[in-house]
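K.L.:
Line by line, the protein sequences are chains A and B.
Mapping of the first sequence onto numbering that gives the first Met the number 0: position 69 corresponds to residue 68, and the numbering continues sequentially without gaps.
Mapping of the second sequence onto numbering that gives the first Met the number 0: position 423 corresponds to residue 422, and the numbering continues sequentially without gaps.
No wet-lab data here; the hints were simulated from the structure.
Be aware that one or more of the hints could be misleading.
[Said to hold, decoys possible] A few chain B positions that, by computed beta-carbon distances, are all more than 10 Å from chain A:
{"hint": "1", "residue": "VAL11"}
{"hint": "2", "residue": "ALA45"}
{"hint": "3", "residue": "ALA168"}
{"hint": "4", "residue": "ILE194"}
{"hint": "5", "residue": "PHE199"}
{"hint": "6", "residue": "THR246"}
{"hint": "7", "residue": "PRO280"}
{"hint": "8", "residue": "PHE287"}
{"hint": "9", "residue": "LEU291"}
{"hint": "10", "residue": "PHE298"}
{"hint": "11", "residue": "ALA324"}
{"hint": "12", "residue": "SER428"}
{"hint": "13", "residue": "VAL441"}
{"hint": "14", "residue": "GLU444"}
{"hint": "15", "residue": "LYS474"}
{"hint": "16", "residue": "VAL484"}
[To be verified] Covered stretches of chain B, going by a simulated chain A footprint (3 or more residues, C-beta under 8 Å):
{"hint": "17", "stretch": "83 to 93"}
{"hint": "18", "stretch": "173 to 183"}
All values reported here derive from a predicted model rather than from experimental measurement.
C-beta: ideal position from N, C-alpha, C; glycine also.
So you can see what is in the structure, the chains are spelled out below.
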Amino acid sequence: MIARPHLLWLLVPFVLYAGALPFVNRVEPTVAGLPFFFAWLIGATVLTPFAVWMTWRGDRKHRNHQKGHGQ
Amino acid sequence: MNAAIATTVFAVFMVATVALGLLAVRGRGGQGGLAEWSVGGRSLGAVFIWVLMAGEGYTSFSYLGAAGWGYNYGAPVLYVVAYMSCGYAVGYVVGPMLWAYARDHQLVGITDMISHRYGKPWLGAAVAVLATVFLLPYIQLQITGMGVVVSTISYGTISLNWAYFLAFAITTGFVVVSGLRGSAWVSVLKDVLVIGTLAFLAIYVPLHYFDGYGPFLDRIVEQKRDWLTLPGHGESGLGMAWFASTTVLNAFTVVIFPTTVAGYLGARDADALRRNAILLPAYNILLFVPMLLGMAALFVVPGLAGADSNLALFKLVVDSLPAWAVGVIGVAAALSSIVPMAVFMLVIGTMWGRSVLSHVPRLHSQERQKNASQVVVVIAGTLALIMTYAAPNTLVRLSLISYEGMAQLLPMLLLGLVWRRLTTAAALSGLAVGVAIVCALVFTENDPVWGINAGLVALAANIAVALVVTWAGPKDRDVRPHREVLAKEPLVDEPAGA
Chain A
0 MIARPHLLWL LVPFVLYAGA LPFVNRVEPT VAGLPFFFAW LIGATVLTPF
50 AVWMTWRGDR KHRNHQKGHG Q
Chain B
0 MNAAIATTVF AVFMVATVAL GLLAVRGRGG QGGLAEWSVG GRSLGAVFIW
50 VLMAGEGYTS FSYLGAAGWG YNYGAPVLYV VAYMSCGYAV GYVVGPMLWA
100 YARDHQLVGI TDMISHRYGK PWLGAAVAVL ATVFLLPYIQ LQITGMGVVV
150 STISYGTISL NWAYFLAFAI TTGFVVVSGL RGSAWVSVLK DVLVIGTLAF
200 LAIYVPLHYF DGYGPFLDRI VEQKRDWLTL PGHGESGLGM AWFASTTVLN
250 AFTVVIFPTT VAGYLGARDA DALRRNAILL PAYNILLFVP MLLGMAALFV
300 VPGLAGADSN LALFKLVVDS LPAWAVGVIG VAAALSSIVP MAVFMLVIGT
350 MWGRSVLSHV PRLHSQERQK NASQVVVVIA GTLALIMTYA APNTLVRLSL
400 ISYEGMAQLL PMLLLGLVWR RLTTAAALSG LAVGVAIVCA LVFTENDPVW
450 GINAGLVALA ANIAVALVVT WAGPKDRDVR PHREVLAKEP LVDEPAGA
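If we strip away everything but chain A, and leave its shape as in the complex, we get (with noise of 0.2 Å):
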């Protein structure tokens, strides 16, 4: 876990859909139309592959450097 800080992203859909909701859970403003909660659960969900993203690229930088230093 240590060797990994990049799983840390792997806690911002928990951020986006559960600790953010008093703050968000309104009607207003409404973005685009849509009420505001929904436009933000919208957005969490966009935004979680990008997060689980950072987390694989990541361990792909781990793992090379991990290879590097094994050979």
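Guided by the hints, dock chain B onto chain A, whose structure is given.
P.N.:
Same frame as chain A, now just chain B:
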């Protein structure tokens, strides 16, 4: 006339589905035994795993329950999107870990993993029985879900009881023959139809009934404000604490759910699972559609109550579209029942074949285990069908504890795989306490309890008990080295042969 057209479209696609399942296993039928049937011989690539796992996540609930919740409560239904997205993030770590553990020790499911971890086959058998109790309600939910869809799109000409039987017969026949590989193939057809029909409905329904999105959304914001934030409409009790606790609990539960694990184990390599964890959350965008359309139904077909609210989306479809389109959308919804139901049955069959019936000496070989598993599939399906007719409420009540009950396996499985000191006695006492608390709270209608998901409260007690018993209780005498017993993420040494 309408009924004939819609039913014909439906029948053609059902025949195609079974044919696709047969085609998938052509030439592989006899070989591979249980591992080929239950985890596709561990050979499915990234794309198949993607469609299969997306297929499992997208059940008939998405068409029926999601629209129904949207109709009844509104915003709380979005917890489904929340926990699935977070679950994929958790699965990024847990998926490859379970996959590698299963590959290294030739395991085919979570009960198998538990037997191996604790070195006690009876424990795997006991967990298999418990997990079956939690899974059966899901099969019944899919049978009733598909039955309702079939009956609705045939404009009532196929009675509900016949529709239930059809759902059971098609799925059971399909899964016995084709196993996980066939399910993955049919998932492709299903995904195309689901994405196509939902994208279409997302555009068509607001245009047809409201002159477009702008007016539709304006009207919701003006007239249905209650529905748009937590805790939603009515005395739901589904507030922010419930939403957050359910998201966290389910995100961890979904990664050990036996059907999810079946998908993990089917993967060819660990990186296929990681790439999936990146892409799958995007699929959840589709889930917003039935939820929004369920709310649109508030204006078009007001006053649906009880189980009828689950038909919110289909009432719109039948009301506004020609018969052939009704048929196609019915097929998409039916496949959304068939694929998950097939995987549920497969998992029950695998658990029993491997962890329970394998204790019968005559059923020891791989091929015999597979046959025994297939028999169990038919028995489980029949049981679910009989209960659908005879005692529908029993399974509905059980389904309330399914997810929260399954969550109680988290310490025994996940904590056990990374922490050697967790003893059999500790894991088992934790599980017993957790399940007891879930049952007690849910059946006395105290879920959510203090605004929090009862399963999370039970899980906290479960972990506390497991820790105390580990420190104070009897120690396991297991001489195997850590690397035999614990799991680790296969980060550097990727596939065994590569």
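K.L.:
Does B:ALA168 really sit off the interface, with its C-beta more than 10 Å from all C-beta atoms of chain A?
P.N.:
37 Å, holds
K.L.:
Does the claim that B:ALA45 lies off the interface hold, with its Cβ farther than 10 Å from every Cβ of chain A?
P.N.:
13 Å, holds
K.L.:
So is B:PHE287 really clear of chain A, every C-beta pair being over 10 Å apart?
P.N.:
6 Å, violated
K.L.:
At 10 Å, judged by beta carbons, does B:SER428 keep clear of chain A as stated?
P.N.:
Consistent with the label, B:SER428 stays out of reach of chain A, its closest Cβ about 28 Å off (over 10 Å).
K.L.:
Can we confirm that no CB of chain A comes within 10 Å of the CB of B:VAL441?
P.N.:
About 22 Å separates B:VAL441 from the closest Cβ of chain A, which puts it past 10 Å; holds.
K.L.:
Closer than 8 Å Cβ to Cβ for three or more residues is the test here. Does the stretch 173 to 183 of chain B pass it with chain A?
P.N.:
Since 0 is below three, the answer is violated.
K.L.:
Confirm or reject: B:VAL11 is not an interface residue toward chain A, with every Cβ-Cβ distance exceeding 10 Å.
P.N.:
Per Cβ check, B:VAL11 is outside 10 Å of chain A; nearest 34 Å; holds.
K.L.:
Can you tell me if the stretch 83 to 93 of chain B counts as covered by chain A, using C-beta to C-beta distances under 8 Å and a minimum of three residues?
P.N.:
holds (count 7)
K.L.:
Minimum C-beta separation from B:ALA324 to chain A exceeding 10 Å: can you confirm that?
P.N.:
With a cut-off of 10 Å, B:ALA324 remains clear of chain A, as the shortest Cβ separation is near 27 Å.
K.L.:
Is the Cβ of B:LYS474 more than 10 Å away from each Cβ in chain A?
P.N.:
It holds; B:LYS474 is separated from chain A by about 27 Å at its closest Cβ, greater than 10 Å.
K.L.:
Run the C-beta distances from B:VAL484 to all of chain A and say if the shortest one exceeds 10 Å.
P.N.:
The assertion about B:VAL484 holds, with a minimum of 20 Å to chain A.
K.L.:
With 10 Å as the threshold, tell me whether B:GLU444 passes as away from chain A on beta-carbon distances.
P.N.:
25 Å, holds
In terms of the numbered hints stated before, the structure departs from hints 6, 7, 8, 9 and 18, listed from lowest to highest.
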